[in-house]
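J.: The chain contents come next:
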Amino acid sequence: MHTLLLLIIPIVFMVIVLFLKGKTAGYVALTSSILSLVVSIIVAIHLHFNGYFDEFNHTWISSFGINFHVGIDGISLILVLLTTFLTPFIILTSLQKETEDSSVFYALVLLMQAGMLGAFTAMDSFLFYVSYEVALIPIYFICGLWGGENRIAVTFKFFIYTLAGSLFMLVSIIYLYLQTPGNHTFEISEFYKLNLSLTQQTLIFWGFFLAFAVKIPIFPFHSWQPSAYTTAPTAGTMLLAGIMLKMGLYGLIRFVLPIAPEAVAYWNTLAIILCVCGIIYGSVIAIRQNDLKTLIAFSSLAHVGLIAAGIFSMNTQGIQGAMIQMFNHGVNAVALFFLIDLLERRSGTRLMDLFGGIASENKKIAVVFAIVMLGSVGLPLTNGFVGEFLLLMGIYQWNMYAAMFAGLTIILGAVYMLRLYRNVFFGEISEASRSISSMTMMETIMSFKMIALIIVLGIFPNLLLNLSAPAVTKLLNLIANHSTLNATL
Amino acid sequence: MNAVIALTITGILNLFGSIFNYRKITPLLSIFGLAAAVVFNSLERNTNQSFFHHMMLMDNYAVAFGAVCMLLAAVLIIFYNRFMGDDDHHLPEVLSIIVFSVAGAIVMVSFTNLLLLFLGVEILSISFYILAGLKKKDLGSNEAAMKYFLMGSFSTGFLLFGIALIYGATASFDLSEIAAFVKLKSAITNYILICGVLMILVGLLFKVAAAPFHFWTPDVYQGAPTIITAFFATVGKIASFAAFYRLFQICFAPISTEWSGAIMIVAVITMFIGNITALQQKSLKRMLAYSSIAHAGYMLLALLSPAYIGASAILFYSIAYGLSSMSAFIIIHIIQTQTRTDEAIGFTGLAQKNKTLAFIAAISMLSLSGIPLTAGFFGKFYLFSSAIEGGYVLLVCLAVVNSFISIYYYFKPVIESYFKKSHTDTIIQLKSTETVLLILLSIATIILGILPGLVPSI
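Same order as they appear, the protein sequences are chains A and B.
Just so you know, we're using numbering that gives the first Met the number 0 here: the first sequence kicks off at 0 and counts up by one.
Just so you know, we're using numbering that gives the first Met the number 0 here: the second sequence kicks off at 0 and counts up by one.
Just so you know, the hints here were simulated from the structure itself, not pulled from any lab data.
Hints should not be assumed to be uniformly reliable.
Pairs of lysine-lysine, DSS-like flavour, derived with a Cα cap of 30 angstroms [as the list claims (entries may be wrong)]: (1) Lys354(B) - Lys22(A); (2) Lys23(B) - Lys135(B); (3) Lys23(B) - Lys184(B); (4) Lys192(A) - Lys96(A); (5) Lys281(B) - Lys156(A); (6) Lys473(A) - Lys192(A); (7) Lys281(B) - Lys22(A); (8) Lys362(A) - Lys473(A); (9) Lys430(B) - Lys20(A); (10) Lys473(A) - Lys96(A); (11) Lys96(A) - Lys430(B); (12) Lys20(A) - Lys420(B); (13) Lys96(A) - Lys448(A); (14) Lys20(A) - Lys136(B); (15) Lys156(A) - Lys420(B); (16) Lys146(B) - Lys136(B); (17) Lys448(A) - Lys363(A); (18) Lys411(B) - Lys156(A); (19) Lys354(B) - Lys156(A); (20) Lys96(A) - Lys420(B); (21) Lys135(B) - Lys22(A); (22) Lys136(B) - Lys354(B); (23) Lys96(A) - Lys20(A); (24) Lys430(B) - Lys136(B); (25) Lys354(B) - Lys146(B); (26) Lys134(B) - Lys182(B); (27) Lys281(B) - Lys20(A); (28) Lys473(A) - Lys363(A); (29) Lys96(A) - Lys136(B); (30) Lys156(A) - Lys430(B).
Model, not experiment: these values are computed from the prediction.
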């Protein structure tokens with residue numbers, strides 16, 4: 000029942016927010032997101048200590064065997080927590096400045112939260128598909144209405160790209176539905192039991208891969224991403240980079256691995272090569288960026304490429320690494336975008352050239368930025384390290400050379416992030432940097448929240464790893480059984 | 000059956016409107032007649048009665064499609080009164096033509112005899128030829144009527160020729176007897192029969208505006224008064240499809256190997272031509288005309304799917320398409336009359352001028368493009384899954400490609416109304432009844448998107 004509550008809270012508050020005006024709308028939205036956070040923590044405690052699997056199942060469209068079936072297992076939980084942790088933070092960031100038509104804005108943010116939570120908790124593939132698309136509509140309007148330069152074209156490209164990919168997923172889902180025995184069903188757990196030939200699995204694999212590869216994005220499908228991240232308003236970028244792209248990664252773990260394991264084993268060489276290309280490509284381009292937001296966008300491309308490669312390596316380390324890194328990447332990306340927004344609000348620019356020497360004037364911002372940056376680069380004792388370490392270990396088990404190239408992400412990551420830090424915070428103090436006043440009380444509190452997460456998760460990664468471990472083990476057993484079953488047939 | 004009688008009486012009463020001077024109340028009278036017909040129609044649910052010596056059968060299929068056509072026509076009449084009412088001296092006659100054409104539509108969805116199919120098609124088509132030319136001083140409207148008439152009667156010729164050939168082969172007009180004949184093994188080598196089936200196919204493909212028989216559609220849709228275009232695109236198309244599906248599933252399913260290949264190719268061509276040409280259109284009316292061609296392509300998929308699922312799929316799709324297409328055309332008409340342009344520019348800044356209208360327009364466009372939580376999405380989902388069940392995975396993939404091509408043009412008005420600021424300050428006004436009706440249409444679209452189980456399967 001808690002899961003249902005998680006979905007209902009944002010929707011109910013969304014309706015309320017629509018009738019409010021100005022900052023009140025924002026504060027009500029904030030209340031809603033904090034309520035969700037509390038509920039999700041209760042779910043986490045239940046699951047962890049009592050092993051209690053929270054679910055809700057109700058017939059939705061009986062003639063099609065579609066159920067409104069939501070539930071939270073270990074894999075879902077990490078992403079649900081990520082969503083509920085970041086949404087209040089994102090709303091708080093938006094509250095730092097005036098937003099036009101704020102009621103619509105916050106209502107859309109809440110709708111987006113509901114859609115993403117729906118996708119992360121869906122146990123029915125039809126519900127997953129619907130939530131996956133429902134999350135897309137609000138972000139389209141958020142980027143289109145409050146975005147920056149050239150927003151119409153950029154947002155539309157992003158929208159069409161994502162929708163195009165996901166339609167192939169729909170075909171795959173319908174195909175799987177028709178393979179289920181008896182009265183067909185869309186239940187995901189029923190899909191796991193199917194015995195599909197390699198050809199069937201290959202088709203399913205590519206159908207899902209197209210959808211998720213666009214969303215994540217994996218290398219040749221990424222062209223919407225940098226411009227969309229740059230153009231979107233800060234809250235939109237945070238939602239996109241922090242949470243939304245995880246829907247693609249989550250989909251890989253939830254659908255592709257257990258439903259088409261042989262096809263993954265057959266095609267993962269290609270998939271991992273694409274991911275590694277993305278890692279190097281994103282990092283190299285990030286080195287040459289001048290706009291801070293674009294730089295983080297490309298670095299994000301590199302980071303999620305690594306996560307996807309870890310998932311495709313199909314072993315415990317890879318998948319557990321992916322789980323924890325999904326959370327950490329969300330935290331780090333959102334923290335970075337928060338800091339960039341903070342700089343932009345004060346100086347009116349995001350261009351690296353125009354900054355310089357902030358550290359000599361404003362120590363607090365410099366220190367906060369440094370910690371977040373180190374977390375993003377993956378320094379030991381920060382959260383980024385644990386995830387990247389596990390991911391690289393997983394990839395290494397699959398193939399040493401792939402891990403070597405994927406490992407470049409750490410070196411190249413240090414190059415572009417340190418370059419950014421040097422240009423923005425050290426050197427001669429520039430005109431734009433002089434206008435940067437110190438952090439307000441609220442911003443300080445928000446920064447500390449993020450820094451605390453970065454350091455605590457760096458020192459005690461088990462907090463998250465233990466939550467997802469049983470579910471990941473179960474998943475891998477499922478895959479192993481599937482393969483032996485097919486081998487004996 | 001009683002519905003047809005009620006409609007005919009309403010039509011005749013309307014005709015007397017000019018003579019006995021009660022033309023002012025004819026719109027009310029028509030709506031009342033349609034409402035009565037809907038009631039009579041729904042009373043016949045689950046009765047499976049046949050009439051006129053087994054020439055018509057009111058099964059649930061006929062009842063469902065009949066209700067859809069009548070309700071859409073009622074919506075149309077409410078708006079027609081507002082848009083054409085004041086300066087239209089032939090209001091009673093036009094209304095009676097509309098009502099008669101709905102009677103034709105009901106015959107088309109309930110026939111069990113080829114003669115009645117022909118009769119229904121003719122009642123509907125002849126009314127349409129007249130309606131297309133309503134604006135008699137407008138060159139476009141005249142062109143539309145002329146083109147529609149010439150092409151339409153030509154295609155009816157094909158239909159009739161096909162019926163004659165089938166009669167020659169089977170010695171019957173009755174669907175059950177033809178079906179019994181077709182089930183025989185010898186049917187597959189009976190070339191007269193197969194020629195007849197293909198002729199009927201051509202005739203009906205013309206009526207549903209499938210490529211390559213679609214060339215009349217854009218001109219007719221653009222030339223006719225917008226409100227009439229809405230009628231063609233919804234009631235006309237739905238009735239023709241219902242007749243098409245009824246004939247081919249009841250009668251010709253056993254020899255589907257002979258015609259399914261043709262349908263498949265036509266479906267692919269129709270989807271691509273409709274969608275790709277719609278991308279280029281400046282006039283939104285013309286764009287919707289091409290999009291309706293594309294929708295015909297999707298609906299053809301239902302003919303290829305197994306019988307037990309195809310009928311429900313096509314019914315749901317018709318309802319979804321009817322609702323959103325109707326409101327899209329009505330909104331375009333409103334914008335066109337108030338901004339003097341039927342291009343997307345007319346929508347610029349609509350969200351500031353009239354929030355409700357912008358929202359309704361957005362919902363109908365989202366539904367037409369098949370975004371989840373609207374009826375249009377579930378309609379597509381239904382059609383696609385029934386076609387995959389029939390084994391046409393590749394065809395569905397092509398349909399999927401088409402449905403994201405279509406997003407590009409359906410989003411044009413949405414982008415204009417929400418993301419751009421208007422340069423003029425013309426105010427877009429609506430009467431409260433129309434607002435309520437349009438809101439009801441979009442609420443229905445959303446509710447059917449969330450709870451598609453509300454539409455019973457047939």
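J.: Taking the hints in turn, state whether each one holds.
T.: Okay, the hints, checked on the actual structure:
1. Lys354(B) - Lys22(A): Holds. Lys354(B) to Lys22(A) sits at ~22 angstroms (cutoff 30 angstroms).
2. Lys23(B) - Lys135(B): holds (22 angstroms)
3. Lys23(B) - Lys184(B): violated (60 angstroms)
4. Lys192(A) - Lys96(A): Outside the cut-off at roughly 51 angstroms; violated.
5. Lys281(B) - Lys156(A): Cα-Cα ~20 angstroms, so holds.
6. Lys473(A) - Lys192(A): holds (14 angstroms)
7. Lys281(B) - Lys22(A): violated (41 angstroms)
8. Lys362(A) - Lys473(A): With a Cα-Cα distance of about 48 angstroms, the restraint between Lys362(A) and Lys473(A) is violated, given a limit of 30 angstroms.
9. Lys430(B) - Lys20(A): It holds: about 28 angstroms lies between the C-alpha atoms, which stays within 30 angstroms.
10. Lys473(A) - Lys96(A): violated (46 angstroms)
11. Lys96(A) - Lys430(B): violated (39 angstroms)
12. Lys20(A) - Lys420(B): holds (22 angstroms)
13. Lys96(A) - Lys448(A): holds (20 angstroms)
14. Lys20(A) - Lys136(B): violated (51 angstroms)
15. Lys156(A) - Lys420(B): With Cα atoms ~21 angstroms apart, Lys156(A) and Lys420(B) stay inside 30 angstroms; holds.
16. Lys146(B) - Lys136(B): Given that 30 angstroms is the threshold and the Cα spacing comes to 16 angstroms, the pair holds.
17. Lys448(A) - Lys363(A): With a Cα-Cα distance of about 15 angstroms, the restraint between Lys448(A) and Lys363(A) holds, given a limit of 30 angstroms.
18. Lys411(B) - Lys156(A): It holds: about 13 angstroms lies between the C-alpha atoms, which stays within 30 angstroms.
19. Lys354(B) - Lys156(A): Holds - the C-alpha atoms of Lys156(A) and Lys354(B) are around 25 angstroms apart, at most 30 angstroms.
20. Lys96(A) - Lys420(B): Within the cut-off at roughly 23 angstroms; holds.
21. Lys135(B) - Lys22(A): Answer violated: Lys135(B) to Lys22(A) is near 57 angstroms, above 30 angstroms.
22. Lys136(B) - Lys354(B): violated (35 angstroms)
23. Lys96(A) - Lys20(A): holds (15 angstroms)
24. Lys430(B) - Lys136(B): Holds - the C-alpha atoms of Lys136(B) and Lys430(B) are around 28 angstroms apart, at most 30 angstroms.
25. Lys354(B) - Lys146(B): Given that 30 angstroms is the threshold and the Cα spacing comes to 39 angstroms, the pair is violated.
26. Lys134(B) - Lys182(B): At roughly 49 angstroms apart (the allowed maximum being 30 angstroms), Lys182(B) and Lys134(B) break the hint.
27. Lys281(B) - Lys20(A): violated (38 angstroms)
28. Lys473(A) - Lys363(A): Violated: Lys473(A) and Lys363(A) sit about 45 angstroms apart, past 30 angstroms.
29. Lys96(A) - Lys136(B): Between Lys96(A) and Lys136(B) the Cα gap is close to 58 angstroms, so the pair fails against 30 angstroms, i.e. violated.
30. Lys156(A) - Lys430(B): Measuring from Cα to Cα gives roughly 37 angstroms; hence the hint is violated.
Of the numbered hints given earlier, the model fails hints 3, 4, 7, 8, 10, 11, 14, 21, 22, 25, 26, 27, 28, 29 and 30; all others are met.
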